[in-house]
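Chemist: So you can see what is in the structure, the chains are spelled out below.
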Amino acid sequence: MTGARRHKAFSYAVTIPFVILLGFPFFWMAVTSFKPEAQVYDPTKVWTFQPTLANYGFLFHQTDYLRWLRNSCFVGLMVVLITLAVALPAGYALAPLSGRVGRTMGVGIFLTYLVPPTLLFLPLSRVISKLNLEDRLWALILVYPSFTIPFAVWLLMGFFKSVPQELEDAALMDGCSRFGALVRVVLPVSLPGILTVVIFTFSLVINEFVYAITFISSATNRTVTVGVPTDLIRGDLFNWPGIMAAILIPSIPLALVYNAFLNRFITGFTGGAFR
Amino acid sequence: MSDTDNDAGSEGRLTRRDLLRKAGAGAVAVGVAGTGAPYAFAGPLRFKGRDLKGDLSIIQWVHFVPAYDDWFDNTWVKQWGQANDVQVNVEHINNTLLDTRAAAEVAGQSGHDLFMNLHPMAAYEDQVINHASIVHEIEAKVGKIGALAKASTYNPKTKKYFALSDNYVPDPVVWRHDLWNDVGESPATWAHVAKAAPKLKANGHPIGIGQSQEVDSNMALIAFLMCFGGFIQDQHNRPTLYTKKTVEAVKFMTNLYKTGEEAAIFGWNPASNNNYLYSGTASLILNAISATRTPEAQHLPFADNLWIWPIPAGPHGRLGLEHVMSCYLIWKFAKNKENAEKFLADLCIAGRQATDASQLYNFPSFPGAYPFPQIRKAAAADPHKPHGKYTILTTIAEKYTHNIGYPGTTNAAIDEIFSKYLIPQMFAQVSQGKLSAHDSVRDTMSVIKDIYAKWRKRGKI
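From first to last, the protein sequence lines are chains A and B.
Each residue of the first sequence is one higher than the last, beginning at 1 in my numbering.
Each residue of the second sequence is one higher than the last, beginning at 1001 in my numbering.
Among these hints, one or two may not hold up.
Mimicking BS3-like on lysine-lysine, the simulated pairs with C-alpha atoms at most 30 Å apart in a straight line are [stated by the list, open to error]: (1) Lys1251/B <-> Lys130/A; (2) Lys35/A <-> Lys1385/B; (3) Lys1144/B <-> Lys1449/B; (4) Lys1157/B <-> Lys1385/B; (5) Lys1332/B <-> Lys130/A; (6) Lys1337/B <-> Lys130/A; (7) Lys1251/B <-> Lys1420/B; (8) Lys1157/B <-> Lys1342/B; (9) Lys1454/B <-> Lys1195/B; (10) Lys1454/B <-> Lys1245/B; (11) Lys1141/B <-> Lys1385/B; (12) Lys1245/B <-> Lys1195/B; (13) Lys1201/B <-> Lys45/A; (14) Lys1144/B <-> Lys1399/B; (15) Lys1144/B <-> Lys1157/B; (16) Lys1199/B <-> Lys45/A; (17) Lys1449/B <-> Lys1199/B; (18) Lys1160/B <-> Lys1454/B; (19) Lys1141/B <-> Lys1078/B; (20) Lys1150/B <-> Lys1385/B; (21) Lys1385/B <-> Lys45/A; (22) Lys1377/B <-> Lys1159/B; (23) Lys1434/B <-> Lys1457/B; (24) Lys130/A <-> Lys1342/B.
Since the hints were derived computationally from the structure, they do not count as laboratory data.
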């Protein structure tokens, strides 16, 4: 066996178990989503598979699933926009600040990300009530940036630090304003970092549960994370095929986006690591 | 390497671009196919183009018997709303989220007009109206409030009804007759359970009593404790947990876990014991009759072998708890208090309809709304096998169902102990070998004493 082949075989030997381990839940999810509900509960029929689209029909016609998806996407997109609008200038401004002050400010901002929603939801309930935003998607749009912005600032700060100062200086020398240098030079080379923020923020919002269950109660304003456990778990009866279908559907586009931008995503996360 | 070579080399391989395209097409196909499947859903109640005078917002759990929610949302609420000219908006959330939701509504001083929970939330006494007038209105129509409901919702110290219970749920032991027959036993007493448990576990069918931070474990273990003579408080609402009998009960349960249960019980949620039973694994659980109704509805192969009995007897007797104490409360900050009061009164007066709609899961908190002999008759008519198995429910409800905090009343301290899952924690620490039975009971008592002191200071006990 040549060295190259040996290397390839080794790569496969390492990768394949990981692929199976990580892919199996999705495989199981997909298979279960096509099983009749009674079959899932019957212990004598664990390995029986009679595919049906009934669960997808149930989701689309007997629940507000499409509305939940639409709500999740709307909140996600709005939060991404707000996060970028705040985190880009903040990260850019904090990046050149070296020394104790800069480090402390960066760490301080990141620490706010670590305060758990299970503590924050009580004081935030008061805020939402005062603003008359109860049971409105705008409550989530207001609250979610409280944890997406700190992370995004911290990430972008690291990324902006990795952009050579000479590039920006050259742009300034050529007559660009500070804002022009940011828009024309720094942002284009920081695209992987920005994409990382977009994807990560959107994922965080799509997955969030505590605030969504606290601030939203009506069926029409539910997001996917709240709608699924509320409408697909009837007391002690888990509608497993329906739940699997409901989770599988948003997983697919998210997986595709991750896959499409995988290289840039990795660059985004490691961008500020080697300076 | 030329482009041609590249093409040839990639023949039959799936590139990332192909993968994206195919997966995307698959997702679209599934979505389109799903939207085309048949359906028969009427949708939530809405008075379109309404011209109603009042509003009423209700939040409550997703009932364990789906038929009840169908009746409540699509029949009861609709009829009541039209009769009273009120737009009623009902929201259902998972039962595990109700406590969080209540905390948020109180923190924000804003929320639903009617808030329902599965246990009396005595700790919120200052946040709610006195429900006494509703109780009196119902009593005038159907007779006195049941002793269980009164002990669960009335504070004798402040003379205030801090909630109104419309129904409660008896908590029988649900067991697989076929599996117990195989080992020649039946769960008449806890001694029998302990004797059968190792054999059942050896046959692949362990006992399913949880020791987790969830409501079913709470209920089962507090009731178990009472059967052994261990009580959180006495009839004067003074803490009495730290006794030899409690220690003995904890030791007994630890042994039961070691010989007849699996470690999964430490991480259970309220539906876990049900699912344990539905999977064909569990031989016995403590649960309401949703545990038998679901297998009947799903036509599971062992549905006819599920028997229900009163809680097994212990050295101190057969003392059970309600499985669910359905309690509604009206916040002081509720916007439509009058509508809420009228709705609650009418719901309790219609206890018969509600009980029937729940397939005998709910029992009315005002017994006069649906007297026991009539419930027994309805239970006897249930067609599921073994015939007549549900008639025992009335005996359980009448003789073996007590409030949380028995022999005292359910109060703010009990509510806090219950909400913090201190009793399951006390058992689990010993079963997991972290503490001795004596130390675990002593430590729990220490925490409980502080809780009682706090609420006594606030004038609630």
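Chemist: Take the hints in turn and mark each one as holding or not.
Modeler: How the hints compare with the structure:
no.	hint	result
1	Lys1251/B <-> Lys130/A	violated, 51 Å
2	Lys35/A <-> Lys1385/B	holds, 28 Å
3	Lys1144/B <-> Lys1449/B	violated, 34 Å
4	Lys1157/B <-> Lys1385/B	violated, 47 Å
5	Lys1332/B <-> Lys130/A	holds, 17 Å
6	Lys1337/B <-> Lys130/A	holds, 21 Å
7	Lys1251/B <-> Lys1420/B	holds, 22 Å
8	Lys1157/B <-> Lys1342/B	holds, 27 Å
9	Lys1454/B <-> Lys1195/B	violated, 42 Å
10	Lys1454/B <-> Lys1245/B	holds, 26 Å
11	Lys1141/B <-> Lys1385/B	violated, 36 Å
12	Lys1245/B <-> Lys1195/B	holds, 20 Å
13	Lys1201/B <-> Lys45/A	holds, 22 Å
14	Lys1144/B <-> Lys1399/B	holds, 18 Å
15	Lys1144/B <-> Lys1157/B	holds, 21 Å
16	Lys1199/B <-> Lys45/A	holds, 26 Å
17	Lys1449/B <-> Lys1199/B	violated, 40 Å
18	Lys1160/B <-> Lys1454/B	holds, 19 Å
19	Lys1141/B <-> Lys1078/B	holds, 22 Å
20	Lys1150/B <-> Lys1385/B	violated, 35 Å
21	Lys1385/B <-> Lys45/A	holds, 23 Å
22	Lys1377/B <-> Lys1159/B	violated, 37 Å
23	Lys1434/B <-> Lys1457/B	violated, 33 Å
24	Lys130/A <-> Lys1342/B	holds, 29 Å
In terms of the numbered hints stated before, the structure departs from hints 1, 3, 4, 9, 11, 17, 20, 22, 23, listed from lowest to highest.
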